[in-house]
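Peer 1: Starting from the given sequences, assemble the full structure and let the hints guide the process.
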Amino acid sequence: MKWEPIIGLEIHVQLQTKSKIFSGASTVFGAEPNTQASSIDLGLPGVLPVVNAEVYPRAVAFGLSIGAEISRVSVFDRKNYFYPDLPKGYQITQMDKPIVVGGSVQISLENGISKEIQITRAHLEEDAGKSVHDEFASSTGIDLNRAGVPLLEIVSEPDMRSAKEAVAYARYIHQLVTYLGVSDGNMSEGSLRCDANVSIRPIGATKMGTRTEIKNVNSFRFLENAINFEISRQKAVLESGGHITQETRLYDPTRDETRSMRSKETAMDYRYFPEPDLLPISIDDEYIADIRKKMPELPREKAERFVNNYQLTKADADTLAFDPIIADYFEATVNICQDGKLAANWVRVEILGRLNKDTLEEKIIPVPSTELGKLLNRIKDQTINGKIAKEILDTLWSSPTFNLDEYIKDHELEQLSNSNALEPLIEEVLKQNPKQAEQFRQGKTKLIGFFVGQVMKETSGKANPQQVNELVLKKLS
Amino acid sequence: MKIDNEIVENIAELTQLEIAQEELSVIGDKMSEVLALVEEMQAVDTSGIEPVSNPLDVTQTLRPDIVTSEDNREIYQSFAPETRNGLYLVPKVID
Amino acid sequence: MMHNESITEQLHSLTIGKYSSKELTENYIHRIKQLKHLNCFISVLEESALQTAADADQARYKGKVGPLTGIPIAHKDIFCTKNIATTAGSQMLHNYIAPFDATVVIKIAAAGAITIGKTNMDEFAMGSSNETSYYGAVQNPWDTDRVPGGSSGGSAAAVAAGLCSAATGTDTGGSIRQPSAHCGITGLKPTYGRISRWGMIAFASSLDQAGPMTRTAEDAALLLALMAGGDPKDSTCIRDDVPNYLEYLNTTLEGARIGVCDDFFADGLEAKSEEVIQDALKIFEQLGATTKSVKLPHIKYSVPAYYVIAPAEASTNLSRYDGVRFGYRCKDPENLNDMFKRSRSEGFGDEVKRRIMTGAFTLSTGYYDAYYRKAQQIRRLIKNDFHQAFNEVDFLIGPTAPQPAFMLGEKTESHIDMYLQDIYTIAANLAGLPAMSIPIGFSSKLPVGLQLIGNYLAEGTILSAAHQYQKRTDWHKCFPMMTTSESQR
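Protein chains in written order, with our numbering: chain A, 10 to 486; chain C, 135 to 229; chain R, 47 to 535.
Honestly, the hints are just simulated from the structure, not real lab data. Keep in mind that the hints are not guaranteed to be accurate.
Below, in silico cross-link-like pairs of lysine-lysine (DSS-like), each with a Cα-Cα straight-line distance of 25 angstroms or less [unchecked claim]: (1) 128(R) - 153(R); (2) 399(A) - 27(A); (3) 153(R) - 110(R); (4) 399(A) - 466(A); (5) 153(R) - 68(R); (6) 399(A) - 389(A); (7) 389(A) - 302(A); (8) 164(C) - 346(R); (9) 328(R) - 318(R); (10) 346(R) - 136(C); (11) 396(A) - 483(A); (12) 106(A) - 429(R); (13) 136(C) - 318(R); (14) 226(C) - 377(R); (15) 457(R) - 164(C); (16) 302(A) - 396(A); (17) 164(C) - 224(A); (18) 418(A) - 455(A); (19) 216(A) - 244(A); (20) 453(A) - 418(A); (21) 68(R) - 82(R); (22) 139(A) - 226(C); (23) 396(A) - 471(A); (24) 484(A) - 471(A).
Stretches of chain A that chain C covers, calculated by requiring three or more beta carbons in the stretch to come under 8 angstroms of a beta carbon on chain C [to be verified]: (25) 51 to 62; (26) 258 to 264; (27) 389 to 397.
These numbers come from a predicted model, not from an experiment. The beta carbon of each residue, even a glycine, is placed where N, CA and C say it ideally should be.
Peer 2: As structure tokens, this is what we get:
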């Protein structure tokens with residue numbers, strides 16, 4: 010049977026703040042255990058939470074960037090459960106009235122198509138502490154430095170149909186929150202963690218299958234592996250006549266498998282209710298407008314501008330605007346070569362094509378946009394042709410520090426556009442291929458490509474293909 | 135609403151309280167009495183009434199994003215049941 | 047005698063040098079020892095109190111005088127006190143030394159007061175008789191076979207017995223007013239949020255409010271002015287300026303409109319108490335006030351709404367007592383689950399556990415709307431009722447408790463009977479209104495309290511009414527006849 014995976018993600022993004030969401034303890038990563046756990050984070054008797062003002066502009070900026078509705082009144086709730094790294098026995102979160110409601114993002118998939126992913130909600134909450142299981146033989150150690158770190162939990166609709174799509178979406182969110190300055194996006198320090206809800210159903214079915222939730226995955230590669238493992242596992246279970254249990258599973262990267270979390274097996278009843286220690290938070294249109302004003306241009310706005318200013322297709326514009334680094338690079342290139350379409354084509358195909366996808370977390374383009382701009386200028390002024398330019402780009406990619414014009418001159422890469430130099434070459438090619446010449450004259454005009462190719466080969470690719478084309482036609486008519 | 139033993143056991147699990155088997159019905163009965171007392175509420179039509187979650191109908195003040203807490207680990211752990219290497223210790227958690 | 051003077055009188059005596067703060071404190075310490083059987087205190091801070099008293103005398107000599115310099119005050123053991131045990135009346139916190147002071151404690155100390163001790167209370171403030179305390183019941187100074195009321199029973203009894211100048215208390219459903227009534231003292235629960243809750247161990251967050259327990263309304267005004275005010279550490283604390291309550295006190299009752307609600311005099315109110323209340327009403331009329339009957343149609347649902355909301359909030363406020371970071375941990379836990387369960391089951395008393403479970407039930411899936419949400423909606427209706435009433439009257443008057451102090455052990459078997467002790471006091475907590483109890487007479491030699499309920503932030507109105515009444519009457523000056531612990535043996 011053919012199966013269709015259905016995937017939704019809950020992404021926990023750590024908001025970039027100096028102090029915690031409800032206390033004045035530092036959020037700096039890597040401190041000695043429990044040295045950044047204040048009386049409030051520890052949940053000592055008699056303490057009360059007070060909300061950090063800086064979490065709101067960040068959550069609102071994120072909401073605006075995905076076209077969501079910003080709740081004018083949002084309310085914190087208590088989510089009750091016992092766990093040793095949850096000091097109060099409840100987590101302060103937002104259940105009924107989250108700050109961000111709805112919205113969507115456009116993600117680009119490998120083959121250049123884009124897909125819209127709907128976002129259900131995004132809400133503010135506090136992080137829990139960390140359990141250290143391997144330091145002591147018969148005990149678990151609890152470090153509460155993370156307890157109370159501000160998080161924005163972004164919940165998607167189950168709109169993804171493969172692990173690749175899920176990863177593309179997670180990457181998009183990662184880039185967006187980093188771009189907005191909502192989060193530092195440091196994955197190795199746990200600033201972005203994903204829970205994936207995975208189910209499968211027969212293709213064509215409308216009813217959802219039973220889902221499992223994979224908790225706390227903190228790298229894109231693990232996310233992809235975990236989802237793929239889970240899809241295969243569910244297929245195997247269903248195809249052998251079994252059924253899927255709704256449960257929480259943990260991904261183990263060393264074994265590349267997910268396994269059921271026994272400790273969470275007992276049916277949870279979180280008993281949500283409004284946090285009585287905090288009052289509802291009201292924000293008005295003016296507050297939101299103010300945040301909007303301070304926000305950088307958003308990918309969707311940028312894409313629109315690219316279409317209008319540079320006459321790009323919507324697909325090209327979306328791809329280029331998707332990532333702020335690529336977008337800036339593209340615009341800097343256009344500034345030099347003054348040709349939007351040419352620059353778009355080169356950045357999209359040549360630059361993005363060369364970027365190893367795995368390094369997207371830290372995107373570094375080795376060729377400065379100034380160099381690419383110059384290279385494109387040399388194409389425009391017909392000094393070199395496109396093929397040579399691609400070869401030069403390859404060289405630039407590995408050693409970007411040379412003078413482009415000197416390099417072209419030294420390696421005699423200038424385009425041959427001189428008819429006097431090209432005509433003898435063309436005549437020679439026609440002479441050596443009389444059969445094809447005859448066929449061409451009899452109407453097999455497609456052979457023009459063959460002749461141009463032969464000439465290009467003779468010139469080590471330096472001939473101006475346009476001009477060769479014209480000259481061949483002239484000779485054969 | 136009658137609170138039977140099953141409900142008491144379930145609630146005891148949620149609240150992490152240990153209730154001896156013979157105590158279940160005693161506690162269930164006491165809880166049932168309280169629920170009978172509060173049952174009168176159901177006579178009131180509250181459709182469309184906004185619940186009060188706090189008697190102050192005002193909104194939240196916020197705190198500036200400043201680090202104000204110092205490291206008080208030594209003091210805070212002086213009254214902790216069990217700590218080692220700066221960590222609070224609990225019996226081994228098995229996931 | 048110095049121990050039954052009001053703070054105002056004591057400050058005068060200290061100023062004119064009639065006695066020193068050290069003498070005043072020594073006298074109280076002596077009395078605390080003599081009347082140990084009342085069991086008012088969980089901790090007595092003899093050494094530090096005497097030291098602070100000596101310092102206060104020095105300060106007074108140098109002319110550095112604050113509004114409470116040298117006055118010994120007791121704190122309910124629900125307020126965190128730095129480096130001093132803070133137990134909330136529970137075994138759960140038997141070994142807990144708070145690492146910080148509650149805002150109330152800081153403010154009272156900053157005014158120059160001496161912390162003389164921490165008073166006994168119902169465990170986590172859950173009770174109306176002070177019998178749920180892990181540290182034993184408190185005896186009523188007027189009749190040691192009777193309860194002092196609760197949950198601030200230790201504070202009420204200590205003030206009534208002349209063991210401190212005044213005490214702090216907390217009131218979630220009547221825990222300041224009801225014991226004040228039973229012990230014949232003045233107790234004020236301010237508007238919700240008027241006093242910071244920082245450092246006050248939570249019972250039910252949206253209902254809890256600290257307040258003063260004193261010999262007179264004037265003392266209550268003095269203390270309230272010092273305790274009240276915004277606190278950046280408490281999001282729910284009211285930031286409005288604190289009025290000078292003492293200035294309000296001399297407002298006459300001429301033309302004041304007093305509301306009386308029939309529901310306050312329903313079945314269940316003891317006959318003699320009702321008689322005493324009617325007498326008090328006559329005094330208010332003689333002072334120039336008019337009375338008017340008001341309707342509070344939803345007030346009869348106060349008890350049901352309260353016994354959903356308070357346990358629900360308590361059930362989660364008390365989840366932090368898990369044996370991990372502080373407080374009681376069971377011996378030799380087998381595993382994590384065993385540690386959680388036994389620590390909590392052994393550390394909490396029965397009433398606390400019962401409320402945690404009832405509260406958790408009303409919040410659980412399938413019941414939330416029928417119980418918790420419903421109760422919060424009824425709370426809105428009660429609020430609206432009061433809002434209507436305050437369009438017509440300046441404050442409301444009624445009983446504080448359905449009858450005077452009952453016998454120790456009389457109601458421990460029936461928790462529902464115990465819950466109904468708060469029948470008159472709960473509505474003010476649900477609505478968040480200021481309310482106070484003042485002594486207005488006796489029923490069978492036991493004090494009877496009158497409750498005054500004011501509009502939001504109108505503490506000044508009820509304090510001045512109480513003060514005017516106390517200027518006219520002497521009930522607040524009555525002092526119990528007591529025998530010492532020695533002679534009791």
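Peer 1: A separate judgement is required for each hint: does it hold in the structure or not?
Peer 2: Evaluated hints:
This hinted pair checks out: residue 128(R) and residue 153(R) have alpha carbons roughly 14 angstroms apart, not beyond 25 angstroms. In summary, the hint linking residue 399(A) to residue 27(A) is not supported, as the alpha carbons are separated by about 46 angstroms, beyond the 25 angstroms threshold. Between the alpha carbons of residue 153(R) and residue 110(R) the distance comes to roughly 17 angstroms, so the proposed pair stays at or under 25 angstroms and holds. Proximity of residue 399(A) to residue 466(A) is assessed by CA-CA distance (about 16 angstroms); at most 25 angstroms being required, the pair is judged to hold.
Between residue 153(R) and residue 68(R) the alpha-carbon distance is near 21 angstroms, which keeps this suggested pair within the 25 angstroms criterion. Between residue 399(A) and residue 389(A) the alpha-carbon distance is near 14 angstroms, which keeps this suggested pair within the 25 angstroms criterion. A distance of roughly 38 angstroms separates the Cα atoms of residue 389(A) and residue 302(A); the hinted pair therefore is violated under the 25 angstroms criterion. Annotation: proposed proximity of residue 164(C) to residue 346(R) holds, straight-line Cα distance about 22 angstroms (limit 25 angstroms).
Restraint check for residue 328(R) and residue 318(R): satisfied, since their Cα atoms lie roughly 16 angstroms apart, inside the 25 angstroms limit. For a cut-off of 25 angstroms, the pair hint linking residue 346(R) to residue 136(C) stands: about 23 angstroms separates their Cα positions. For the given pair, residue 396(A) sits about 24 angstroms from residue 483(A) by alpha-carbon distance, which is consistent with the 25 angstroms threshold. With a C-alpha separation of about 23 angstroms, the suggested pairing of residue 106(A) with residue 429(R) holds against the 25 angstroms cut-off.
For the given pair, residue 136(C) sits about 38 angstroms from residue 318(R) by alpha-carbon distance, which is inconsistent with the 25 angstroms threshold. Taken as a hint, the residue 226(C) and residue 377(R) pair is honoured in the structure, with Cα atoms around 16 angstroms apart against an allowance of 25 angstroms. With a C-alpha separation of about 14 angstroms, the suggested pair residue 457(R) and residue 164(C) falls inside the 25 angstroms cut-off, and the hint holds. For the hint linking residue 302(A) to residue 396(A), the alpha-carbon distance of about 44 angstroms lies beyond 25 angstroms, and the restraint is violated.
Proposed proximity of residue 164(C) and residue 224(A) is contradicted: the alpha carbons are some 40 angstroms apart, above 25 angstroms. In summary, the hint linking residue 418(A) to residue 455(A) is not supported, as the alpha carbons are separated by about 34 angstroms, beyond the 25 angstroms threshold. A hinted pair counts as satisfied when its Cα atoms are at most 25 angstroms apart, and residue 216(A) with residue 244(A) qualifies at roughly 16 angstroms. About 39 angstroms separates the Cα atoms of residue 453(A) and residue 418(A), which puts this hinted pair outside 25 angstroms; it is violated.
Among the hinted pairs, residue 68(R) with residue 82(R) is consistent with the structure: their alpha-carbon atoms are about 21 angstroms apart, no more than 25 angstroms. Restraint check for residue 139(A) and residue 226(C): the C-alpha separation of about 14 angstroms stays at or below 25 angstroms, so the hint holds. Note on residue 396(A) and residue 471(A): the hinted pairing holds, with a Cα-Cα distance of about 8 angstroms set against a maximum of 25 angstroms. Note on residue 484(A) and residue 471(A): the hinted pairing holds, with a Cα-Cα distance of about 20 angstroms set against a maximum of 25 angstroms.
Here's how the stretch 51 to 62 of chain A fares: 6 of its residues keep a CB closer than 8 angstroms to some CB of chain C, so the rule of at least three is met and the hint holds. Closer than 8 angstroms: that is the beta-carbon criterion, and the stretch 258 to 264 of chain A has 1 residues meeting it against chain C, so the requirement of 3 is violated. Coverage of the stretch 389 to 397 of chain A by chain C is violated in this model, with 0 residues showing a Cβ closer than 8 angstroms to a Cβ of that chain against a need of three.
Checked against the numbered hints above, the structure violates hints 2, 7, 13, 16, 17, 18, 20, 26 and 27; every other hint is satisfied.
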